[in-house]
Amino acid sequence: MTETRARTQISSRSSARQYSDRARSPLQTYELVRPYFDQFGITRVADQTALDRLGVPVFAAIRPNALSLSMSQGKGITDDDARISAVMEAIEVAIAEAPLCDIQSGFAGELRERPADVSYLMPPADSRTGERSSTAGNDLWVGASSFFTGDPFLIPLDAVCMRGRALRLKGISQNTNGLASGNSYEEAGFHAICELIERDALTFWSATPTPAKMTRRVDPACLDDQVVTELCAAMMQSGLDVALFDLTQDIGVASFAAYVGPADSNLARHSEFATGSGTHPDPARAAIRALTEAAQSRVTLIASARDDISAAVFKKDALRDVKALLAAPIGHSRFTAGQNPPETIQDLRKYLRDALNAAEVGDIHVARLDSREMPFAVVKAFAPRLESHGVNPNWLPGGRLKRRTGIAA
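Numbering (this note's numbering), first residue to last: 1 to 409.
To be clear, the hints were calculated from the coordinates, so they are not data collected in a lab. Remember, predicted model here, so these are calculated numbers, not experimental data. Here a beta-carbon is modelled for each residue, glycine too, at the ideal position from N, C-alpha and C. One or more hints might be untrue.
Cross-link-like lysine-lysine pairs, in silico, BS3-like; alpha carbons within 30 Å at most [to be verified]: (1) 350 / 402; (2) 323 / 402; (3) 213 / 323; (4) 323 / 170; (5) 402 / 170.
Simulated restraints, written as ranges between beta carbons of each label pair [to be verified]: (6) 271 / 34: 25 to 35 Å; (7) 212 / 140: 22 to 32 Å; (8) 143 / 346: 38 to 48 Å; (9) 269 / 137: 44 to 54 Å; (10) 221 / 171: 45 to 55 Å; (11) 130 / 210: 23 to 33 Å.
Sequences and hints are given; from them, build the entire structure.
And the structure:
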């Protein structure tokens, strides 16, 4: 017997355009990228929304012969949002597995452009000093540019790839942090850097004791946004508790984490609890991303879509902390960062540049990985001084985190 589950009714969906900074509508982008499905090995796109009772749109794009992830998921406030989100996630990873950009060969001293710093992705050569393994032996590169100045740089090919093994730099972390797509290079770069800032905020969050985290719970009503309100209401009507936390750090770009789980948590299983995160200059959009990602995470667990879920997720202590956060009183009830964010992609990029400059986090380099002949762009961004715990197995705490937490240098 097939159970029919209702979709969450978001009254603002007819005006969902106001929640997007994309140059094209989700449907327009989908129609433009659909002819490329065969090239990137996408065999089907599945609507997974009905696997859960929340009704928040979640889709999956399937690549059976992928070198890394064979299922890429996407979420949104409409079906079109979630579908194109899944498809572009799949295309991003497919291109990262086999970059379409020009590849330069030669050692660093032989080439005109300077190599960007990717040492933070390399394994430690000395665990006592934190000194990294050298990248001097690399002779394969892709072009990149500074997000701040536009100056040209080089990135090791192994740093942009998702092949599962390195060609030159043994042990380098190959991950999706900073991998993003868009209708243009500028759009893709903006979203890539938002992801880097989000991961940085999550790293600070993971280093925060649970009692301190509990003081950062946000009243969704303080965002004064209809979609945020209705997403939270839909989750609660489905029998779930939902808690939104402010993760924003010194960079000042709005970042949130959303926790969801059954109201009767004493009878719940691990798979019924989920978290999501989001970062955007517009606090409401950041919160929407966190909430919809939490919904997507539940579907990921329900569908058994990932084999790389950390064992730490299933530890009793982890579930205890999540339950404590869901029960936390609302204390951080007002949100101030980015209350009047810009709207155009050019102004949004400037907003990020100004925020990152003010926080003194160093340069960020963006490599374009697509062929430049397609109606979309795929990039990978690198930020050596932003934290990347959780995605970079070679991560070591940086200066900002050490100063904040008192970790010995």
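We went through each hint and held it up to the structure:
no. : hint                  : in the structure
1   : 350 / 402             : holds (28 Å)
2   : 323 / 402             : holds (28 Å)
3   : 213 / 323             : holds (12 Å)
4   : 323 / 170             : violated (40 Å)
5   : 402 / 170             : holds (28 Å)
6   : 271 / 34: 25 to 35 Å  : holds (33 Å)
7   : 212 / 140: 22 to 32 Å : violated (44 Å)
8   : 143 / 346: 38 to 48 Å : violated (22 Å)
9   : 269 / 137: 44 to 54 Å : holds (48 Å)
10  : 221 / 171: 45 to 55 Å : holds (48 Å)
11  : 130 / 210: 23 to 33 Å : holds (28 Å)
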